[in-house]
Amino acid sequence: MPTEKKFFPLFEKASSNLLETAVLLTKMVNTADAVTRRELLREIERLEHVGDSVTHEIFTELGTTFITPFDREDIHALTSVLDDVVDFIYGSAKRIELYKIQVPESNICKLAELIEKSGEELHKAVLGLRDLKNVESIREACIRINSIENHADDIFENAVARLFENEKDAIEIIKIKEVLSVLETATDKCEDAANVLETIIVKNV
Amino acid sequence: MPTEKKFFPLFEKASSNLLETAVLLTKMVNTADAVTRRELLREIERLEHVGDSVTHEIFTELGTTFITPFDREDIHALTSVLDDVVDFIYGSAKRIELYKIQVPESNICKLAELIEKSGEELHKAVLGLRDLKNVESIREACIRINSIENHADDIFENAVARLFENEKDAIEIIKIKEVLSVLETATDKCEDAANVLETIIVKNV
Amino acid sequence: MPTEKKFFPLFEKASSNLLETAVLLTKMVNTADAVTRRELLREIERLEHVGDSVTHEIFTELGTTFITPFDREDIHALTSVLDDVVDFIYGSAKRIELYKIQVPESNICKLAELIEKSGEELHKAVLGLRDLKNVESIREACIRINSIENHADDIFENAVARLFENEKDAIEIIKIKEVLSVLETATDKCEDAANVLETIIVKNV
Chain H
1 MPTEKKFFPL FEKASSNLLE TAVLLTKMVN TADAVTRREL LREIERLEHV
51 GDSVTHEIFT ELGTTFITPF DREDIHALTS VLDDVVDFIY GSAKRIELYK
101 IQVPESNICK LAELIEKSGE ELHKAVLGLR DLKNVESIRE ACIRINSIEN
151 HADDIFENAV ARLFENEKDA IEIIKIKEVL SVLETATDKC EDAANVLETI
201 IVKNV
Chain E
1 MPTEKKFFPL FEKASSNLLE TAVLLTKMVN TADAVTRREL LREIERLEHV
51 GDSVTHEIFT ELGTTFITPF DREDIHALTS VLDDVVDFIY GSAKRIELYK
101 IQVPESNICK LAELIEKSGE ELHKAVLGLR DLKNVESIRE ACIRINSIEN
151 HADDIFENAV ARLFENEKDA IEIIKIKEVL SVLETATDKC EDAANVLETI
201 IVKNV
Chain X
1 MPTEKKFFPL FEKASSNLLE TAVLLTKMVN TADAVTRREL LREIERLEHV
51 GDSVTHEIFT ELGTTFITPF DREDIHALTS VLDDVVDFIY GSAKRIELYK
101 IQVPESNICK LAELIEKSGE ELHKAVLGLR DLKNVESIRE ACIRINSIEN
151 HADDIFENAV ARLFENEKDA IEIIKIKEVL SVLETATDKC EDAANVLETI
201 IVKNV
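Protein chains in written order, with this note's numbering: chain H, 1 to 205; chain E, 1 to 205; chain X, 1 to 205.
Hints are computed from structural coordinates only; laboratory data are not their basis. A portion of the hints provided could be inaccurate.
Which copy is meant is left open, because identical chains are indistinguishable; a pair holds if it fits in one copy or across any two.
To be verified - Straight-line alpha carbon distances no greater than 27 Å define the calculated DSSO-like cross-link-like pairs of lysine-lysine that follow:
(1) Lys6 / Lys203
(2) Lys27 / Lys110
(3) Lys203 / Lys13
(4) Lys177 / Lys110
(5) Lys13 / Lys124
(6) Lys100 / Lys13
(7) Lys100 / Lys177
(8) Lys133 / Lys117
(9) Lys13 / Lys177
(10) Lys27 / Lys117
(11) Lys133 / Lys177
Input sequences plus hints: build the corresponding full structure.
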């Protein structure tokens, strides 16, 4: 295996770890039982650390490998932003526990599902990096990630508008709005990852 | 026309669309009549879609053109950030309607005006890209955009401080603070665009 | 002195100014006396302007120097993000005064201390740029900055959770949460600076 090929399994480890974290989040926000929910949170935390290790591994590889499959700065950017997505997933899960949010809550569930869908598309796109002959399928995944982000934006904004209409306790509003916002930011970061993937394609086709 | 020249009309379409959106926002936040305001919002939404199309057009052009007038990554960054500005303008307009904010509200109007001024400077700077002989005027536009952003920052912070002093309804504070913050972020994104323009100048002079 | 060497004293001026601002912030948030606190705020504001001048000086140098010690875009990114850190330090100090926050407040003090520690590590790392032979010490500083950011994240999230439990005035929650959030963002920006430093190392070893 040529040394530059070492990066692909690492990228794929990062994106499959991201997807796994997203799947656990969907499970967690649909779990009414507090004990199970805390176990899921601990598992998400564990995967967040796995993500950090992969990130570190890629950066180290980058420092010691002369020939890279893509521009070094794009590898750096892709790795950072995949890490960001996992951070925001973990950040929302943590806040749900810390703020004692009542779950399942319908808009939180919807946003978690969208993050999971984005995670699936991202992982598909990253798998496509090994062989850039099928660029069109990466590009389509990126377009779907963009459209998921638009959808998440709409859900977020409408959820907040409903909150203002129906919830009279300002402190509750602050808490739920914050969780919704962190979830929405996770979809933004997926979009940022898609943009890096598009940059890589633009440069390598 | 050499193929690389195709980019300039597209950049200019993006920045003139941004300016037009900003002009509509200023109109909207000064309109007390709910029906007219909703029409203006729908028009802003339409321009947001126009912006998305131009963004997509530039990215497609980037994927099929061998020689580009500037570094591909800078074209990508400039396009993305001009798109961001329009997204935040639309985001603030949408929230004013969704949260049923009473307009005109003096600080909202002031920030909308600053976004419009930033939009004018951005469009001027983008028009200067065709012929990089007049780099000084681009640089001056960028400096003005930076100073507008500082001004917007001050207005935002003082507006929030006044809100805390005079508004006793926490939910009202959350709503208005959020709108002010999205408006302020639009001026931040204008500054980011100016920074990309400065990077382009630095590399091409 | 070869012209490219001109950049190092400027980088060091930016990072030592950042550190000085952070030291003043720690002092300010530990000062109960309103008059002294306002003097410290004015001094932070002055240093923020000093930071802006250094930023401008580096950008001008970048525009007129042919050979640069690192890639032009990395110099641009490093300069911008060091400027961001100072902006967020000033932003938090300003909000403490504007929102009339009662200080010293234990979590605010803890976050200010972490910013100061990050500032020390950043300044150390920037001093290491002159002679890239000791790359390991720069890398270690970056790792410490990352771990400080994780710590700040935990403090921020727990502080907000405690606020929700103990503070019944929603408006107070909004104010203190905002200050904590700006402080936490300052540590995020330190991490962004560390990431740029890692990029520079990756490219120059």
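**OP:** First find the shortest C-alpha distance between Lys27 and Lys117 inside one copy, then the shortest across copies, and answer within, between, both or neither for a cut-off of 27 Å.
**Re:** Result: close within a single copy only, 14 Å intra versus 38 Å inter.
**OP:** If the cutoff is 27 Å on CA atoms, where do Lys133 and Lys177 land: within, between, both or neither? Let me know, please.
**Re:** So Lys133 and Lys177 fail the 27 Å test inside a copy (43 Å) and across (48 Å) alike.
**OP:** First find the shortest C-alpha distance between Lys203 and Lys13 inside one copy, then the shortest across copies, and answer within, between, both or neither for a cut-off of 27 Å.
**Re:** both (23 Å within a copy, 24 Å between copies)
**OP:** With 27 Å as the alpha-carbon cut-off, assign the pair Lys100 and Lys177 to within, between, both or neither.
**Re:** Classified as both; 13 Å inside a copy, 17 Å across copies.
**OP:** Using 27 Å as the alpha carbon limit, work out where Lys13 and Lys124 are close: within a copy, between copies, both or neither.
**Re:** This pair counts as within: shortest intra-copy Cα distance 12 Å, inter-copy 33 Å.
Subject >> Within, between, both or neither, where Lys133 and Lys117 count as close if Cα-Cα is 27 Å or less >> reply: So Lys133 and Lys117 pass the 27 Å test inside one copy only (24 Å; across, 45 Å).
Original post:
Given identical chains, is Lys177 near Lys110, meaning Cα to Cα at most 27 Å, within a copy, between copies, both, or neither?
Top reply: So Lys177 and Lys110 pass the 27 Å test inside a copy (14 Å) and across (26 Å) alike.
Original post:
Should Lys6 paired with Lys203 be assigned to within, between, both, or neither, using CA atoms and 27 Å as the limit?
Top reply: Answer is both: 20 Å inside a copy and 19 Å across each meet the 27 Å cutoff.
Original post:
Between copies, within a copy, both or neither: which fits Lys13 and Lys177 at Cα up to 27 Å?
Top reply: neither (32 Å within a copy, 36 Å between copies)
Subject >> Intra- versus inter-subunit Cα pairing at 27 Å for Lys27 with Lys110 >> reply: For Lys27 and Lys110, the Cα distance is within 27 Å only inside one copy (12 Å; across copies 35 Å).
**OP:** At 27 Å max between alpha carbons, let me know whether Lys100 reaches Lys13 within a copy, between copies, both or neither.
**Re:** For Lys100 and Lys13, neither the intra-copy (32 Å) nor the inter-copy (46 Å) Cα distance is at most 27 Å.
Comparing the model with each numbered hint stated earlier shows that hints 6, 9, 11 do not hold.
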